[in-house]
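Asker: Letter by letter, the chains look like this.
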Amino acid sequence: MALLEVEDLCIDYKTKNGYLKAVDGVSFSLERGASLGFVGESGCGKTTIGMGLMGMLPPNGVVRRGRILFEGEDLLRVSAEEMRRVRWRKIAMIFQAAMNALNPVQRVGEQVAEAMLVHNPSLGKEKALKAVEELFELVGLQTDRIRDYPHQYSGGMKQRAIIAMSLACRPSLIIADEPTTALDVIVQDQILAEIRALQKEFNIGIIFISHDISIVADMCHDIGIMYAGQLVEYGPREDVFDSPAHPYTRALLSSFPTLTGKRTDLVPIAGETPDLVHPPEGCRFYDRCQEQIPACREKVSRWVAISPGHKALCCRCEMDGR
Amino acid sequence: MELRRYILKRLVQITIIFFVILTVLFLLFRLAPGDPVSRMVDPDMTPEDAEQLIHQLGLDKPLGIQYLVYLKNFFTGHFGISFHYGEPVVDVIWNRLPNTILLFTTSIILSALVGIFLGKIASWHKGEKTDSVMTIGALVTHTLFLPWLALILIWVFGYKLGWFPINGMISEEVWLDPDAGFIAKGLDIGYHMILPLTTLFLIHFGAYLLIMRSSMLETLKEDYILTARAKGLEEKDIRDRHAAPNAALPVVTSVGLSLAFSINGGALTETVFTWPGIGRELVFSVSQNDYPLAQASFLLIAIVVLISNLVVDVLYAYLDPRIRY
Ligand SMILES: Nc1ncnc2c1ncn2[C@@H]1O[C@H](COP(=O)(O)OP(=O)(O)O)[C@@H](O)[C@H]1O
Ligand code: SF4
Ligand SMILES: [Mg+2]
Chain P
67 MALLEVEDLC IDYKTKNGYL KAVDGVSFSL ERGASLGFVG ESGCGKTTIG
117 MGLMGMLPPN GVVRRGRILF EGEDLLRVSA EEMRRVRWRK IAMIFQAAMN
167 ALNPVQRVGE QVAEAMLVHN PSLGKEKALK AVEELFELVG LQTDRIRDYP
217 HQYSGGMKQR AIIAMSLACR PSLIIADEPT TALDVIVQDQ ILAEIRALQK
267 EFNIGIIFIS HDISIVADMC HDIGIMYAGQ LVEYGPREDV FDSPAHPYTR
317 ALLSSFPTLT GKRTDLVPIA GETPDLVHPP EGCRFYDRCQ EQIPACREKV
367 SRWVAISPGH KALCCRCEMD GR
Chain G
818 MELRRYILKR LVQITIIFFV ILTVLFLLFR LAPGDPVSRM VDPDMTPEDA
868 EQLIHQLGLD KPLGIQYLVY LKNFFTGHFG ISFHYGEPVV DVIWNRLPNT
918 ILLFTTSIIL SALVGIFLGK IASWHKGEKT DSVMTIGALV THTLFLPWLA
968 LILIWVFGYK LGWFPINGMI SEEVWLDPDA GFIAKGLDIG YHMILPLTTL
1018 FLIHFGAYLL IMRSSMLETL KEDYILTARA KGLEEKDIRD RHAAPNAALP
1068 VVTSVGLSLA FSINGGALTE TVFTWPGIGR ELVFSVSQND YPLAQASFLL
1118 IAIVVLISNL VVDVLYAYLD PRIRY
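In the order they appear, the protein sequences are chains P and G. Be aware that the first sequence starts at 67, since it is given in this note's numbering, and climbs by one per residue. Be aware that the second sequence starts at 818, since it is given in this note's numbering, and climbs by one per residue.
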């Protein structure tokens, strides 16, 4: 059984103009210990998926449809209290480093310990702090910094502390939402290496979210390309990179001349993303697509299998049979 | 430790501010139009006594020397003789100081604590009835005219219902009773303090409530709140352990800032309730042209405010490690 199986997930935000379809019909699955990366421009719905999985959508967010089978249980059907106990114990989340994800008036070590104590109060504070020491060693933080406050840490150290915290309850899934976006390149590489090593060591499933396709290429077995709330291409890393099928994926990749070489930032593709309150009937990438044909506009795109496990949501793939 | 350096820095600042106040007050009383001697020396004194006082206050010397004498007198506690009481000013005021500190600090601590607590509750129930009632209540009480509020309280609870005493700080029968112990006397003061305290509390807590409420709502949008929620904390703990300690910081700041502005209300309240404090003495001395007493009252109130400010700053540093470390 897969660790996580998401079927036809649709998440809307209630806005004054109507329902904004931030995530529309997204399906994917993740095996135990495997890693899946979501890539796409800002605003395509990556964070919304993460928050949806955590059951932490903002008050105006609603799951319109879908199933989130996690360890065989549909998380959309469990009570709020049960969901609270799934959080961090089973699914942890690493947020963007730029965000002040640590409480500024509490000691870092205590915040890490708190994650354990919430789900296992009988552990006791003393033992929890002992366990924090081990976690600090694990992620390469000096244990004498346990009693420091967040502002005494550098950006990289804060992110290491959060990684330590994410491991506190030995979860089976970690969602990492742009965990290195605010860090400089050297620190970013160290943190990514750290996450990869720990994932292997503890056999944790990872969902890695980034707007930077090169990072996802380094990190993940499977890749999902997202555009305007939809998954538009999905498959094993090698397939997606070696034979990208969707025009959007190709546009993304061409903005990175050599994936193994120097890392450049995503060059935005000309044009704007469609209005998500009234998304177009046909292909959502139509206005910006270099390969559009009139049919793309009317026909609702269907998934086309490219090779086993590799598929794309595009009319032309359907017709060209590529 | 950093905290010690921080306090030291604040102490130096406060000392400077205090010297500025001291100097301004000196200039105000000596350079104002009219004869400074007639302002500092009671016209009813015998010529010999007046002569001695003029000499003690340095009024027969040039201004620069006068200033030095003034400083020396201040640090040795010589503020001149009150016109009205005919006693050394320092004796008059020294007895009033604890009474003012008692009423002032109690009212500030009470209104800050209650304001923080109610503001937190209002923010939980944002948009609901509880929130509207609290917010409107806070706005209304905050904008009330203090003397009017005091008189209403006196009329309703003192006069109509007769629940609380409406003037003074103690009842003779308790304090003259040789059997009355420490507790009985303390309770008696507390009993007298209820109406003046309620007045000051009602005027002040609303602002703290409103600040805490909006600060809570802002804090709940912070990223570390997301982390806390992702960690699986219950909403109650997210608010109490993560949001509230951060949200209370602006309230503490505003307590510090509002200290100086609460002098007016404090003096008025003391006057209306004949609370034997420095504020009342200040109002009284000004209306009686008792300059020596007025000058000393000003100074003492300034000291009280500055020291309270220091206490608030230290408290802030204690609550916010970003200042301490
Ligand atoms: N609370 C919200 N209310 C309304 N719209 C939102 C809200 N949060 C996000 N959105 C919108 O939903 C879309 C997806 O956002 P998000 O999931 O944050 O994208 P990403 O993480 O890929 O940048 C965007 O168009 C964004 O404007
Ligand atoms: S469906 Fe048509 S417009 Fe859309 S991506 Fe494919 S080719 Fe381009
Ligand atoms: Mg995002």
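Mixed in with the good hints, there may be bad ones.
Said to hold, decoys possible - Selected chain G positions facing chain P (Cβ under 8 Å, derived; list incomplete): (1) ARG856; (2) THR1044; (3) LEU1136.
Source of the hints: derived by calculation from the structure; they are not laboratory data. Model, not experiment: these values are computed from the prediction. Backbone N, C-alpha and C define an ideal beta-carbon position, used for all residues, glycine too.
Asker: Now tell me if each hint is right for this structure.
Answerer: Here is what the structure says about each hint:
1. Below 8 Å, beta-carbon pairs count as interface contacts, and ARG856 of chain G has none with chain P, the closest being about 51 Å; its hint is therefore violated.
2. With its C-beta approaching chain P no nearer than about 5 Å, THR1044 of chain G sits inside the 8 Å limit, and its interface hint holds.
3. The closest approach between the C-beta of LEU1136 of chain G and any C-beta of chain P is roughly 7 Å, which is under the 8 Å cut-off, so the hint is satisfied.
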